[in-house]
Amino acid sequence: MPGSEEPPLRRRVSFPVAIQLILGLGLALLAGVAWLAHRNIGTLAQSTAAESEAVSGLARLEAALAAVRASQAALRRYAISERAEDRAAFAEAARRAAAVLDTLAAGVPPGEGRLRLSQLERTLRERLARMDRAAAARPPAAPPDAALEGESGRQELNLRAYLAASLQQSRAQARSTAGNSTFLIFWGTALAAALLAWAMVVIRRYHAGQEAAERATRASEVRLRQITDSVPALIGEADREGRLVFHNRAFEQWFGGSGGALPGMSPKGRPEGESSGAQRQRSPINLRELFGADAWRIASPHVQSVLEGRAAGFKFSWTPEGERAKDLSAQLAPRRDEWGAPAGYYVLVTDVSSLTEAQRLKAEFVSTVSHELRTPLTSIRGSLGLLAGGVTGPLPDAARELVSIAMNNCERLVRLVNDILDSERMSSGKLVLKVEALDLAALAARALRENEGFARSHGVSVTLDAPGPAPVRADPDRLLQVVTNLVSNACKFSPQGGVVEVGVEGGEERVKLTVGDRGPGIPVAFRQRIFGRFAQAESADTRRSGGTGLGLSICRGIIERLGGRIGFEERPGGGTTFWFELPSDRARGAGDAG
Amino acid sequence: MSEALRRVMLVDDDEDIRRVAQLALEMVGGFEVRLCACGAEALAALAPFRPQLAVLDFMMPEMDGPALLGRLRGEPLGTDLPVVFLTARAQADEVERLRALGALGVIAKPFDPMAIAAELKALWEARPARGA
Chain A
1 MPGSEEPPLR
11 RRVSFPVAIQ
21 LILGLGLALL
31 AGVAWLAHRN
41 IGTLAQSTAA
51 ESEAVSGLAR
61 LEAALAAVRA
71 SQAALRRYAI
81 SERAEDRAAF
91 AEAARRAAAV
101 LDTLAAGVPP
111 GEGRLRLSQL
121 ERTLRERLAR
131 MDRAAAARPP
141 AAPPDAALEG
151 ESGRQELNLR
161 AYLAASLQQS
171 RAQARSTAGN
181 STFLIFWGTA
191 LAAALLAWAM
201 VVIRRYHAGQ
211 EAAERATRAS
221 EVRLRQITDS
231 VPALIGEADR
241 EGRLVFHNRA
251 FEQWFGGSGG
261 ALPGMSPKGR
271 PEGESSGAQR
281 QRSPINLREL
291 FGADAWRIAS
301 PHVQSVLEGR
311 AAGFKFSWTP
321 EGERAKDLSA
331 QLAPRRDEWG
341 APAGYYVLVT
351 DVSSLTEAQR
361 LKAEFVSTVS
371 HELRTPLTSI
381 RGSLGLLAGG
391 VTGPLPDAAR
401 ELVSIAMNNC
411 ERLVRLVNDI
421 LDSERMSSGK
431 LVLKVEALDL
441 AALAARALRE
451 NEGFARSHGV
461 SVTLDAPGPA
471 PVRADPDRLL
481 QVVTNLVSNA
491 CKFSPQGGVV
501 EVGVEGGEER
511 VKLTVGDRGP
521 GIPVAFRQRI
531 FGRFAQAESA
541 DTRRSGGTGL
551 GLSICRGIIE
561 RLGGRIGFEE
571 RPGGGTTFWF
581 ELPSDRARGA
591 GDAG
Chain B
1 MSEALRRVML
11 VDDDEDIRRV
21 AQLALEMVGG
31 FEVRLCACGA
41 EALAALAPFR
51 PQLAVLDFMM
61 PEMDGPALLG
71 RLRGEPLGTD
81 LPVVFLTARA
91 QADEVERLRA
101 LGALGVIAKP
111 FDPMAIAAEL
121 KALWEARPAR
131 GA
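Here the protein sequences line up with chains A and B, keeping their order.
Just so you know, we're using our numbering here: the first sequence kicks off at 1 and counts up by one.
Just so you know, we're using our numbering here: the second sequence kicks off at 1 and counts up by one.
Hints were generated in silico from the structure; no laboratory data involved.
Be aware that one or more of the hints could be misleading.
Stated by the list, open to error - Cβ pair distances, simulated, as ranges:
no., chain 1, residue 1, chain 2, residue 2, range
1, B, PRO76, A, SER300, 51 to 57 Å
2, B, GLU26, A, SER461, 54 to 60 Å
3, A, PHE454, B, GLU26, 28 to 34 Å
4, B, GLU26, A, VAL499, 39 to 45 Å
As the list claims (entries may be wrong) - If you want the footprint, here are the derived chain A segments under chain B, 3+ residues with CB under 8 Å:
no., segment
5, 87 to 93
6, 111 to 120
Stated by the list, open to error - Over the 12 Å line for every Cβ pair with chain B, so calculated as not near, a few chain A residues:
no., residue
7, ALA79
8, ARG127
9, ALA136
10, ALA312
11, VAL352
12, SER367
13, GLY389
14, CYS410
15, LEU413
16, ASN418
17, GLY459
18, PRO476
19, ASP477
20, LYS512
21, GLY532
Predicted model only: the values in this text are computed from it and were never measured.
Every residue, glycine too, gets a C-beta built ideally from N, C-alpha and C.
Using the sequences plus the hints, can you model the full thing?
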């Protein structure tokens with residue numbers, strides 16, 4: 001599921017960035033092309049102006065030269081005829097030429113062209129001035145002015161060449177500008193179009209991805225809904241006030257009655273035109289109202305704890321209308337908002353009625369069987385006890401031995417029944433402990449006294465090393481049971497003539513009791529399960545031990561219920577030391593320890 | 001207190017247990033024993049036998065030990081009668097409960113036949129003095 005959800009998520013993040021980049025690039029490109037076009041059109045206009053200026057310069061040059069030539073021709077005619085009218089014609093031609101020369105450099109921007117035009121203008125004016133002087137002479141003479149004419153002709157040629165060159169240059173520039181513009185505009189536009197097309201493809205793919213992700217989300221929602229609806233337990237999500245934000249179908253089956261509608265969902269409260277699915281998502285039902293005040297009283301400390309961010313589990317009982325009470329097991333898990341603060345909780349409520357009923361039946365069965373076994377055992381044990389006690393007269397040796405065997409096995413059967421009952425109480429949590437302040441050292445001494453006979457029958461002696469009082473809070477009968485069990489185990493597994501060493505240490509924090517033997521030790525394969533139920537090492541000595549296989553598991557149960565630890569270790573030099581530790585009661589003072 | 005324990009009434013629905021207990025109490029303890037199979041019989045035997053101590057089985061059909069104790073307390077001869085329970089349920093809390101009902105003591109089944117008479121004597125000696 002996470003694998004199929006990740007790719008759309010990644011695309012959702014990266015696609016808009018890509019699209020924005022591409023669109024931005026395309027727009028920048030278009031703007032660049034527009035700016036280039038604008039600039040090139042300006043350049044083209046400039047080229048055209050330069051061209052027309054050169055053309056008009058040429059025209060004015062022709063006009064000026066023509067006017068000067070006309071003045072010269074009129075002067076020659078006057079020099080030959082010396083007639084007043086020819087003199088007037090010359091004066092008129094010279095005046096026109098001067099007027100044309102006035103306009104020669106007008107409007108031409110400063111630069112090389114204007115410089116050359118002014119040079120030519122000066123030369124031509126000089127020629128006109130000489131012509132004037134020749135016309136004023138008596139007799140008038142046509143000026144044989146070859147040098148000045150040569151100068152003006154050279155300047156004219158220069159100017160023509162210059163104007164032609166600048167004309168050509170501006171035309172070439174215009175051509176190249178136009179060529180560049182065409183290239184830039186064409187390719188720029190093409191590139192921008194390509195980018196926009198790509199952007200469209202990317203956007204289309206992005207939408208397709210989003211649609212796929214939405215479909216996947218919807219499919220996963222449906223799947224989740226189907227899963228939660230098929231679970232035969234209440235699954236819900238509640239906000240901080242206990243209102244259900246989400247609930248599965250089981251809620252409707254449990255609380256909805258025949259109609260299937262939950263109590264909080266009255267028809268008038270149902271928004272118009274809303275599908276039942278959406279309604280189920282936003283039902284305003286409160287868990288407190290569903291289960292009632294009694295159940296809520298049990299639940300509220302756990303709800304408090306889950307709202308502080310700790311998962312909680314508890315059991316409670318709930319009676320549906322007109323039905324038998326149900327034993328329910330609830331699990332609460334915190335739901336956090338995006339900042340990690342608890343925003344509500346998830347609820348899982350399972351009907352464990354059949355389970356608790358089975359447990360109850362088993363406990364009842366074990367209890368009944370144990371009690372029923374005790375009745376015949378009482379008669380058997382009583383009869384044997386009276387026989388062995390000689391109440392009915394002395395018994396022959398063989399008969400006494402047989403009665404003794406029968407009695408031992410009867411005792412063993414009684415122990416087994418007691419152990420089974422204890423073990424059952426332990427596992428069902430029904431073992432009642434009467435905890436009081438006591439001295440473990442004194443209790444150990446009592447256990448030793450009570451087991452003296454047992455130890456002697458195994459040819460074993462038991463010693464006690466208890467340097468001082470060891471105050472604890474414990475159930476004296478149950479703790480005595482533990483010590484007796486450890487001591488009798490040690491006796492059973494000790495070699496003939498061996499010593500079982502019992503030690504009691506009263507520390508500040510903990511008190512510890514140790515029972516050391518010199519027996520064969522505990523087989524490695526058995527060490528893991530020695531404290532389990534019906535655990536007995538498989539060995540040739542099993543018969544000798546005569547145990548039920550429940551003793552150590554009961555010991556562990558009692559010690560752990562009293563807040564302690566139990567264990568064993570190999571003893572240096574052979575044998576085993578069993579030990580248990582309990583919290584010391586020294587804080588309350590050793591004075592009231594009994 | 002000075003009076004020695006002599007007459008003991010034993011109520012148990014199991015015939016074999018009754019017999020074993022009778023032998024133990026008579027032959028080991030030297031008591032005079034009256035056996036009853038049920039509560040009704042015990043109530044009927046109260047006046048003719050005038051027991052000093054009653055030993056009641058905890059679990060019996062029809063009228064169980066605690067119920068019989070309640071009935072005995074309603075009889076003139078049973079008001080102050082010391083009662084010891086014989087029970088196969090000897091868990092600490094149950095013993096507590098029986099003591100709270102007014103039992104002098106609780107003896108667990110199966111009992112030691114050689115020791116039961118001495119146990120009853122010890123309980124009898126240690127019984128609280130009745131305001132009379």
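query: Would ASN418 (chain A) pass as off the interface with chain B, using Cβ distances and a cut of 12 Å?
result: Non-interface label fails for ASN418 (chain A): nearest chain B Cβ at 9 Å, not farther than 12 Å.
field: Distance rule for GLY389 (chain A), whose beta carbon must clear each one in chain B by more than 12 Å
entry: 4 Å, violated
message: If you count the residues of the segment 111 to 120 of chain A with a beta-carbon closer than 8 Å to a beta-carbon of chain B, do you get 3 or more?
response: violated (count 0)
- prompt: Are all beta-carbon distances from GLY459 (chain A) to chain B longer than 12 Å?
  reply: 24 Å, holds
- request: Decide, holds or violated, for the assertion that all CB atoms of chain B are farther than 12 Å from the CB of GLY532 (chain A).
  value: 24 Å, holds
ARG127 (chain A) non-interfacial with respect to chain B [C-beta, more than 12 Å]: 150 Å, holds
message: Given a hint of 51 to 57 Å, does the C-beta separation of PRO76 (chain B) and SER300 (chain A) actually sit inside it?
response: 54 Å, holds
Non-interface claim for VAL352 (chain A) versus chain B (Cβ beyond 12 Å): Label holds. Min Cβ-Cβ 26 Å, cutoff 12 Å.
CB-CB spacing for VAL499 (chain A) and GLU26 (chain B) relative to the 39 to 45 Å hint: Given about 44 Å between the Cβ atoms, the range holds.
- prompt: Would the least Cβ to Cβ distance between ASP477 (chain A) and chain B come out above 12 Å?
  reply: 6 Å, violated
- request: Decide, holds or violated, for the assertion that all CB atoms of chain B are farther than 12 Å from the CB of ALA79 (chain A).
  value: Its Cβ never comes within 12 Å of chain B, the nearest being 165 Å, so this holds.
task: Hint says 54 to 60 Å; check whether the CB-CB distance for GLU26 (chain B) and SER461 (chain A) agrees.
output: 39 Å, violated
Going through the hint list in order, the structure does not satisfy hints 2, 5, 6, 12, 13, 14, 15, 16, 18, 19.
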